[in-house]
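Q: With chain A fixed as given, assemble chain B onto it according to the hints.
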Amino acid sequence: MKIIQKSILLIIALAIFGLNYFLEDNVDGYVLRVIINCGIGMILAMSLNLINGCAGQFSLGHAGFMGVGAYASALITTVLTLSPFFKTDLGVGCAILTGGLAAAVAGYLVGLPSLRLRGDYLAIVTLGFGEIIRICFLNFEQVGGARGLPGIPRVANFFWVYLWVVVTFVALLRLLRSSYGRAILSVRENEIAAESMGINIAHYKIVAFVISSFFAGIAGGLFAHFQSFIDPNSFVFNKSVEVVIMVVIGGMGSLSGAMLGGIIVTLLPELLRAFDNYRMVIFPLILIILMLVRPRGIFGHKEIWELFRKKASS
Amino acid sequence: MILSIKNLSVNYGLIPAIRNLSMEVGQGETVALIGANGAGKTTILRAVSGLIKLASGSVVFDGQDIARLKSHLIVRRGMSHVPERRGIFANLTVYENLLMGAYIRKLLPGDLDEVYSLFPILLERKKQIAGTLSGGEQQMLAISRALLSKPKLMLLDEPSLGLAPQITKSIFSIIQKINKAGTTVLLVEQNAQAALKISHRGYVLEVGEITHTDTSEALLTNDAVRKAYLGDH
Numbered sequence: 001m002k003i004i005q006k007s008i009l010l011i012i013a014l015a016i017f018g019l020n021y022f023l024e025d026n027v028d029g030y031v032l033r034v035i036i037n038c039g040i041g042m043i044l045a046m047s048l049n050l051i052n053g054c055a056g057q058f059s060l061g062h063a064g065f066m067g068v069g070a071y072a073s074a075l076i077t078t079v080l081t082l083s084p085f086f087k088t089d090l091g092v093g094c095a096i097l098t099g100g101l102a103a104a105v106a107g108y109l110v111g112l113p114s115l116r117l118r119g120d121y122l123a124i125v126t127l128g129f130g131e132i133i134r135i136c137f138l139n140f141e142q143v144g145g146a147r148g149l150p151g152i153p154r155v156a157n158f159f160w161v162y163l164w165v166v167v168t169f170v171a172l173l174r175l176l177r178s179s180y181g182r183a184i185l186s187v188r189e190n191e192i193a194a195e196s197m198g199i200n201i202a203h204y205k206i207v208a209f210v211i212s213s214f215f216a217g218i219a220g221g222l223f224a225h226f227q228s229f230i231d232p233n234s235f236v237f238n239k240s241v242e243v244v245i246m247v248v249i250g251g252m253g254s255l256s257g258a259m260l261g262g263i264i265v266t267l268l269p270e271l272l273r274a275f276d277n278y279r280m281v282i283f284p285l286i287l288i289i290l291m292l293v294r295p296r297g298i299f300g301h302k303e304i305w306e307l308f309r310k311k312a313s314s
Numbered sequence: 001m002i003l004s005i006k007n008l009s010v011n012y013g014l015i016p017a018i019r020n021l022s023m024e025v026g027q028g029e030t031v032a033l034i035g036a037n038g039a040g041k042t043t044i045l046r047a048v049s050g051l052i053k054l055a056s057g058s059v060v061f062d063g064q065d066i067a068r069l070k071s072h073l074i075v076r077r078g079m080s081h082v083p084e085r086r087g088i089f090a091n092l093t094v095y096e097n098l099l100m101g102a103y104i105r106k107l108l109p110g111d112l113d114e115v116y117s118l119f120p121i122l123l124e125r126k127k128q129i130a131g132t133l134s135g136g137e138q139q140m141l142a143i144s145r146a147l148l149s150k151p152k153l154m155l156l157d158e159p160s161l162g163l164a165p166q167i168t169k170s171i172f173s174i175i176q177k178i179n180k181a182g183t184t185v186l187l188v189e190q191n192a193q194a195a196l197k198i199s200h201r202g203y204v205l206e207v208g209e210i211t212h213t214d215t216s217e218a219l220l221t222n223d224a225v226r227k228a229y230l231g232d233h
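Chain order of the listed sequences is A and B.
Going by my numbering, the residue at position 314 of the first sequence is 314; the numbering climbs one at a time, nothing skipped.
Going by my numbering, the residue at position 174 of the second sequence is 174; the numbering climbs one at a time, nothing skipped.
Just to be clear, a hint being listed does not mean it is correct.
Stated by the list, open to error - With a cut-off of at most 20 Å between alpha-carbon atoms, the simulated SDA-like pairs for lysine to any residue come out as follows: (1) B:K127 - A:E303; (2) B:K197 - B:A228; (3) B:K106 - A:N200; (4) B:K150 - A:V167.
Simulated from the structure, these hints should not be mistaken for laboratory data.
Bound conformation, chain A alone:
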């Protein structure tokens, strides 16, 4: 990576660090909570975008990967009292990373059927996976079962979440810009032609699943260490659908679109709180209108900066 890019990233990281203290002092706790949830939503949406948007596979099990990450990391910081190190910021960071890796392993296992299945059929398999994961957590007494897992150290703050948003964004952007990423895109575009280019389709489908579920696991870990309490209900099928909505709204295959989708889907229900119970009618209504106006998502296949570049040139 060039020095300029490195320094830009460093500045962004410092800015997030500074903003963290600013927000904690000056912003209402509820607002900060929503902002952090937006960040987690963005990571989830960006990661699912790799499978659904870029590789062209349809996964409905993202909450499952998130759950694996959440429970695996929370297990390290609470149940398995390994060492006091895992109560510190750095220790929790390591635990969250482990959660991501655990989710990546799960992603590998779920990626395998994707070699033989596509479209709706794959969606059903991934849906099934998500439910199996949730029901496992529901029945393991060691992680609290239906009562959930309380007392998770509350370490993930604005800084940690948005640092991961940046890491996810940069990692996925660089992946998509590489020949590796183009190979993933070509699998979506035309499998036969991709194979004729010498691309091992099976390999890239699995890679997409593994990377995507890694970041979903990270999002889960952050979620657990932000809420300080998780239960199987946090990772229901509805959560997976929510993430799919984020990706579709933003535009399949668009990273910046996924980020925007993550914000919209997290933020809208909060903004509509004034409408009380009607918000669950108004929210979907807004989604329907959005899809009618922009059928390919807000940004379509493009990134936000590409949209502006096109306007500037024409």
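A: The following block gives chain B in isolation, referenced to the frame of chain A:
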């Protein structure tokens, strides 16, 4: 022989599509495989490039049996397949499509220029989304993309499909050029006339079996072939 197919059989489920077919392509040749709809032309190409499994038979490419090799590995041995309906990556730019062509090797500085000199229109449309190209341009892109893997043998599946006669003509003359530059070509076509005109030898395929084989010149004057495929009554 760069490619020799012996006793190839392919089934779709229980239904045999190709039965006991043998054919050869010599180094440096352009060989045309012609036949009507559903004769099995595309099936043969797909079986050769590993996209579908064969029931029996052997495919020897460049001295090695590739019959049970996976498609993406066959490409690495120097065989490039331009699929039917072109199979371009519609949402990627022309440039990105070309980069994908060179996926298996390192792209050298002159490689793209070589392709652009064959098809200057692609240079003009470099940044355009490939799906917005015309049919002819898409075919040019598909051929260029295949060329960028520097194949020894290029399999072309119906390059004239859906194209105006004029464009077909120019594409066929470029195929001839590519062949003269040293790439062996196996050309599958419904447009028998055009295919035989630019090829050295031809095979005529009817419902999974080869009925005629000869030099292209001889096939062009063969009565039976003329009646069946060249619109001569």
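Q: Output the numbers, in ascending order, of every earlier hint that fails for this structure.
A: Hint 4 contradicted; others consistent.
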